[in-house]
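2 protein chains.
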Amino acid sequence: MGRWEPDGEGRLRMAAMELFAEIGYEQTTVAAIAERAGLTSRTFFRYFADKREVLFSGQDEFERLFLAGIEEAGDSDPMAIVAAALEGATAFFPDERRAWSRARQRVIDADPGLQERELLKLSGLATAMTDGLRRRGVDPTAAALAAESGVAVFRVGFATWIAEGEERSLAEVLRAVLTQLRSLVIAPQV
Amino acid sequence: MGRWEPDGEGRLRMAAMELFAEIGYEQTTVAAIAERAGLTSRTFFRYFADKREVLFSGQDEFERLFLAGIEEAGDSDPMAIVAAALEGATAFFPDERRAWSRARQRVIDADPGLQERELLKLSGLATAMTDGLRRRGVDPTAAALAAESGVAVFRVGFATWIAEGEERSLAEVLRAVLTQLRSLVIAPQV
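Line order of the protein sequences matches chains A and B.
Last residue of the first sequence: 195 (my numbering), numbering continuous.
Last residue of the second sequence: 195 (my numbering), numbering continuous.
Next comes chain A alone, as it looks inside the complex (with noise of 0.2 angstroms):
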């Protein structure tokens, strides 16, 4: 998902999308994805290993991102560390693609695979934010505990940033949804 020029890749995106929303993504073919791009199978293949592939391919570079945020974040507060890597990866999610990741929402909820796809992405992020904090130095706990903590901030804030009506930025979502968990947690305990 790095370009939206009508560049081939991009042309199959919107083609796959378009097919997903009208005949459902289990009925829809590599064939048909081509044809209503204007563009052969055979070049279908030189950018997607498969149609799934469409919908996910992009979350590895998204996961770099994230990751290298981990790396280079200048604090070593683990949640601000956390909050440096959700801030950069909004990099990825300019206003431009919000009606695309709307979409590949709908198509994804529709599909019980998908699903379930999307959430071992997500699980494996976690993970690799645990790894990075702690190649940081961060404890393990602390890592684990930071690490999810951001994962679910992003979920929710994605979910929040792709919701009808919304117009913030994923930036400034994202950082109500950190607020918003800080406020909780701290929430006088009984």
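The hints are simulated quantities; they were obtained by calculation from the structure and are not laboratory data.
Ideal Cβ positions, reconstructed from N, Cα and C, are used throughout, including at glycine.
Be aware that a few hints might be false.
Part of the chain B face toward chain A, derived, beta carbon under 8 angstroms [as the list claims (entries may be wrong)]: (1) M19; (2) Q32; (3) R51; (4) P83; (5) M84; (6) S154; (7) T165.
Given chain A's structure and the hints, the job is docking chain B onto it.
Chain B in isolation, oriented as in the chain A frame:
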């Protein structure tokens, strides 16, 4: 995993776990489990749908306990409700169960399919907790955040509880992890 007397179910659990440890989860058959327990395969299927359920059947009971805790918590603050539910759910993991839980985790860690299943169960728990909190009037974002944080605390705490050498009860560990989450999240952010 309700009872620990040497009844049929308990004997089958123990026999299964021994075999999973000795020859591996994949290689273990229902017939071998039944034989080791001195019972028939037919008896096995009175208790479990398949060998995987030996590892997972108790989770439904645990999830019910957790969700009942959310419904019945006296407080109305979301994280206090989650903390009460966590506390209540520890009744399901007395110290006598620690050795079993540790052995179970070893089996799961060795098998990607079981890891996925575990992950999906925990994700389902977070969703059910979110719904439970919403039914108690918590707003959607706070409900999702509190539920995801609660599951993160449980996951990290449970891993700590079954670590070699750990002697605190699960309730003590979860309280400590919750305190650690609190201090992580309120640390001064850059």
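| request: If any of the earlier hints don't hold here, list their numbers in rising order. | output: Failing hints, ascending: 1, 2 and 3.
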